[in-house]
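Novice: Note that the protein sequences, when read in sequence, are chains A and B.
Quick note, the first sequence lines up with residues 0 to 432 if you use numbering that gives the first Met the number 0.
Quick note, the second sequence lines up with residues 0 to 432 if you use numbering that gives the first Met the number 0.
Every clue listed holds true.
Identical chains blur together in the list; that is why a pair holds if it fits in one copy or across any two.
Cross-link-like lysine to any residue pairs, in silico, SDA-like; alpha carbons within 20 Å at most:
{"hint": "1", "residue 1": "K341", "residue 2": "W148"}
{"hint": "2", "residue 1": "K288", "residue 2": "L313"}
{"hint": "3", "residue 1": "K132", "residue 2": "M163"}
{"hint": "4", "residue 1": "K288", "residue 2": "D153"}
{"hint": "5", "residue 1": "K7", "residue 2": "D59"}
{"hint": "6", "residue 1": "K414", "residue 2": "T42"}
Since the hints were made in silico from the structure, they are not lab data.
There are 2 protein chains.
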Amino acid sequence: MAKITGFKTLDVRFPTSRGLDGSDAMNKDPDYSAAYLTLETDTPGLEGNGFVFTLGRGNDLACDAIDLIAQTLIGRDLGQLSKAMGALAQELVRDSQVRWLGPEKGVTHMATGAVLTAVWDLISKIAGKPLWKLLSDMSPEEIVELVDWRYLTDALTPAEALEMLKKVQPNRAANEAKMLAEGLPAYTTTPGWLGYTDEKMVRLSKEAVADGFTLIKLKCGASLEDDKRRLRLAREAVGPNVKLAVDANQVWDVQEAIDWINALGDVNLHWVEEPTNPDDVVGHAAIAKGIAPVKVATGEACANRVMFKQFLQLKGLSYMQIDSARVGGVNENVANVLLAAKFGIPVCPHAGGVGLCEMVQHFAMFDAVAVSGHHDDRIMEYMDHLHEHMSVPTDVRNGRYFPPSKPGAGAEMLKASLADFTYPTGPQWKDFV
Amino acid sequence: MAKITGFKTLDVRFPTSRGLDGSDAMNKDPDYSAAYLTLETDTPGLEGNGFVFTLGRGNDLACDAIDLIAQTLIGRDLGQLSKAMGALAQELVRDSQVRWLGPEKGVTHMATGAVLTAVWDLISKIAGKPLWKLLSDMSPEEIVELVDWRYLTDALTPAEALEMLKKVQPNRAANEAKMLAEGLPAYTTTPGWLGYTDEKMVRLSKEAVADGFTLIKLKCGASLEDDKRRLRLAREAVGPNVKLAVDANQVWDVQEAIDWINALGDVNLHWVEEPTNPDDVVGHAAIAKGIAPVKVATGEACANRVMFKQFLQLKGLSYMQIDSARVGGVNENVANVLLAAKFGIPVCPHAGGVGLCEMVQHFAMFDAVAVSGHHDDRIMEYMDHLHEHMSVPTDVRNGRYFPPSKPGAGAEMLKASLADFTYPTGPQWKDFV
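The task is simple: from the sequences and hints, build the whole structure.
Specialist: Quick look at the structure:
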C-alpha cells in the first residue's frame with residue numbers, strides 16, 4: 000500500500016482585492032488565498048491536497064502551521080490510515096504541546112484541518128471515489144469512529160449518532176440516486192458584494208434568478224439606509240418568490256443587530272448571517288429571539304464542534320453554515336453534520352473564496368445521502384469565481400450543485416494556477432509586491 | 000520622543016518536560032517556552048518585551064506570528080502611541096486580512112497580545128512606572144478608552160465602566176497603600192503536579208502552608224481513586240483551615256465532570272478548575288449547577304473577552320482566571336477585569352509556566368487599586384519555578400504577592416537566560432535536539 004513520503008506547502012494568493020469582489024462590511028480587501036499542502040507518496044502520480052483558506056496576510060503563517068503539523072505524517076502507510084482516520088484526527092488535534100496554541104481554534108486548528116483533508120484526499124483517490132461517496136459508503140459504525148466525541152456527549156452520544164445513521168441507511172441508495180439526478184439546491188452571493196453599484200447588484204440578481212437560483216444573499220451592515228435601498232431594489236429585481244438573505248459579517252453588537260434588522264422593515268428576509276461576533280453564542284441566541292421570525296445563520300467562523308454544539312443547544316442559529324477550511328478537517332465536519340441532524344437544524348454550507356465550494360459540497364452531499372436525507376432547507380452557498388483554478392471544479396447548473404464523480408476531497412488546484420499565483424514570486428504577483 | 004526602530008523574536012524553551020514539573024492530565028510533557036519579542040527603539044538602552052507562552056512545539060510558529068504582526072510598529076512614535084493604546088490595539092486586532100485567522104483567538108491573537116504587551120512595556124519604562132501603577136494612575140476616561148467595546152455592550156457599556164471606575168477613584172490611594180504594605184494573597188500549585196509521588200506532594204503541601212499559602216491546588220482528572228487519595232492526604236497535611244482546589248485541565252465531558260467531582264466526597268473543595276473544554280460556556284454552566292456548592296474556576300485558555308463575557312452571563316465560572324499571554328494583551332485584560340467587576344466575580348489570575356506570574360500580577364494589582372478594590376476572594380496563582388530568568392522576578396513572601404516597583408510590564412527576561420535556552424541552538428538544547 001502507498002506510503003506518505005513527504006510534503007510541501009505553497010503560499011498561493013489570488014489578488015481579489017484589486018477588484019471589489021469579496022468586499023463586505025468586515026472584510027474590506029480580501030485576497031482569497033490558500034496555504035496549500037501537497038502530500039507526496041511513493042506511488043507515482045498519487046498526491047493529496049488540502050489547504051487553509053485565508054484572506055491574504057498571514058497565509059505564510061498558515062503554511063508554517065501546516066509544516067509543523069504535517070511532519071508527523073511522513074512514513075505513514077495509507078492502508079493503515081484509511082482504517083483509522085478517527086485516531087489520526089485525535090492524534091493531530093490532541094498533540095500535548097501544540098494543543099496549547101488553540102485548543103482547537105485559530106491557525107493551528109485550521110492547519111490540522113488542511114492536513115487531514117489532504118490525507119482524506121489521498122484515501123479518496125486510492126478508493127477511486129469522491130469524498131462524499133466514500134463517506135456515504137461507510138458503515139454507521141465506521142462513521143461514528145471518525146468523530147472525536149470528547150466534549151460532545153452532553154448533546155450527542157456515539158450511540159445516538161449510530162442510531163440516527165442506521166435509521167437512514169436503508170434510504171442511502173434512493174437518496175443518492177435522487178441527488179445524482181436532481182443535484183442539491185444552491186444560492187448565490189455573487190450579486191451582493193458591498194463594493195458593487197446598485198445597477199450591478201440588480202443586474203446580477205436578475206441574472207442569478209435567470210440562472211435558476213432561488214435564494215440570493217446580499218452583504219449588509221455598512222449603512223442602514225444603503226441596506227434598506229439595496230434590499231428594496233433586490234426584492235423588486237427578483238420578485239416575491241425568490242428568497243433574500245443578508246450577511247453582516249460580524250459587524251454588530253447584540254442590540255445593534257436586533258435594532259438594525261428590525262429597522263429594515265418587511266422585506267421578507269430568509270436569514271441574517273453572522274450578525275455579531277462568531278464566538279458569541281449567547282449573543283446570537285438573544286438576536287435570534289429579538290429578530291424572530293427572521294432567522295439567524297452562522298458558522299463560517301465557528302471554530303470547532305464545541306462551539307457548534309453550544310449554538311445548537313442555545314438556539315443561536317437556525318441554519319448551520321459549516322466551512323471546509325476552518326475546523327479540524329473532514330472528521331470535525333462529520334461531527335458537525337451529525338450534531339445538526341440531532342438538533343434538526345439544516346446544514347447550509349459556507350463557500351466562496353477559492354476552492355471552498357469544491358470542498359464543502361462533499362459534506363452537504365454526505366448529509367443528503369447518509370445523515371439527514373433530502374429536505375427543502377439545505378441550501379449551499381455558491382460564488383462564480385476562481386473555479387477555473389480547481390482540478391475538479393463545481394458542477395452548478397440551474398441553481399443546483401451536481402455531485403462530482405472524480406475521486407478526491409475537492410482541494411486540488413491546477414499546477415499552472417499554483418505556479419501563476421504563488422506569492423510573492425509568481426507572475427501574477429511579482430509586479431505588485 | 001522615542002521611536003520603535005525594529006524588532007526581533009527569539010524561540011526560547013525551558014526543558015521542563017525532562018522532570019515532571021508541569022505535568023497534568025492534559026499537558027503531559029510541557030517544555031515551558033516563550034516566543035519572545037524585543038521591540039527596539041532609537042533610545043539607547045530602551046527595549047520593550049512581550050511574549051507568547053507556549054508548551055514547546057509550535058513556539059517557532061508563535062514567533063512567526065509575532066513577526067507578522069510586529070512589522071506594522073516600525074517607525075511608530077512612542078509618545079503618540081502612549082496616548083492611543085486603545086486605537087493601536089484595535090488596529091492590530093482588526094487587521095482586515097489577518098483577522099480571518101482567528102478572529103481574536105489562537106496563535107495570531109496570542110501574538111497580538113505579545114506585541115501589545117511589548118509596547119506597554121516600553122510605555123511603562125518611559126513613564127518610569129511598573130504597568131500596574133501606570134494603569135492605576137490613568138483617569139477613568141483613559142482606562143475606558145483602552146478597551147475595544149465592540150461585542151461587549153450587551154453586558155457592559157463604556158458608560159457603566161466609567162461609572163464603576165469613578166466610584167473607586169477616591170479609594171485608589173488607600174487601596175495602593177494597603178497593597179504596598181500587605182501585598183495580595185497568592186496560592187500555590189507547586190505541590191500538586193500529577194507526576195509527583197504522594198510523599199512529595201504531602202511534603203510540598205506542608206512546606207507551602209509553612210510558607211504562608213492559604214490555598215493549595217492539586218492537579219486531578221487522571222484517576223478518580225488517585226484523586227480521592229491525594230485529596231485526603233493533602234487535607235490531612237494542610238489541616239482544615241487551608242483551602243484546597245483541584246485542576247482538571249479540560250479532561251472531562253460535562254456529565255463526567257459532575258459525576259467525578261460529586262464522587263470525590265466531602266473534601267471541602269474551594270474550586271474545580273477547567274473541568275471541560277475551555278470553549279464550552281454552556282457546559283461550564285451545567286457543571287457549575289451540578290457540583291454546587293463547589294465552585295468552577297476557569298480562564299487560562301479562554302480566548303478573548305467575548306468568551307469571558309458569556310462565562311459571566313451564563314454563570315459558567317465563579318473565579319475568573321485571566322491569563323497574561325493568551326488574550327490580546329494588556330488592553331483585553333483591562334476589559335476582562337472590568338467585565339469581572341461588573342458581574343461581581345473575583346479575578347484570580349492564572350500564572351506559572353515561565354514569566355506568567357511576573358506579567359499577570361499587574362492586572363490583579365490594577366484591579367485591587369482602581370477597579371474592584373480589596374476583598375478576600377482575589378487570589379493569585381504562584382509557582383516557584385523559572386523566576387530566576389526574569390529581569391524583575393516576583394516578590395512573593397508569606398503567601399502574598401508584593402508589587403514590583405521597577406518600570407515595565409513584567410515580560411523581560413535576562414539576556415543570559417535567553418542565550419542559554421534559545422531553541423535549538425542554545426547550550427541547554429544543543430545536546431538534546
